[in-house]
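Participant: Following this note's numbering, the numbering of the sequence shown begins with 65 at its first residue and continues without gaps.
In short, the hints are calculated from the structure, not lab data. For every residue, glycine included, the Cβ atom is placed at its ideal position computed from N, Cα and C. There could be a bad hint or two in this list.
Label-pair restraints from in silico Cβ distances [unchecked claim]:
{"no.": "1", "residue 1": "87", "residue 2": "142", "range": "28 to 36 Å"}
{"no.": "2", "residue 1": "106", "residue 2": "162", "range": "30 to 38 Å"}
{"no.": "3", "residue 1": "89", "residue 2": "119", "range": "43 to 51 Å"}
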Amino acid sequence: MALGVKENLHINITVLPKKLPRVFNDSLNLIKYILEIFIGIVLLYFGIGLTQNAGRSKLPATGMSNAVNYIIVPIASVFIILYAAYFLYVAIADLRRVAKAKKSDMTGGASHV
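Work out the full structure, taking the sequences as your base and the hints as a guide.
Facilitator: And the structure:
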């Protein structure tokens, strides 16, 4: 799951953004990253509960806690949150860079002293 977020494989539609202005495409990307963070938080919350609940029982063959089967859910959700937050940060930085370049182009590249 986290690798799909890292590699930008999830929630990706390419036909619509190619036909729309860049500002709309950038807005969709921001919404996508915010939703990924939200989903990661939900997975973390419920994954912790699932792991705690499963920890109350033992695996019959090994006697180990059943939580070992579910511990990956909260671990993966932490990576989902981190990757999505990183991409959100990069997208916001890119938007600021583009806005600064547009502002510079509108003023003719001259700096005000």
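Participant: Work down the list of hints and note, for each, if the structure agrees.
Facilitator: Going down the list of hints, with the structure as the test:
no. : hint                     : result
1   : 87 with 142: 28 to 36 Å  : holds (32 Å)
2   : 106 with 162: 30 to 38 Å : holds (31 Å)
3   : 89 with 119: 43 to 51 Å  : holds (44 Å)
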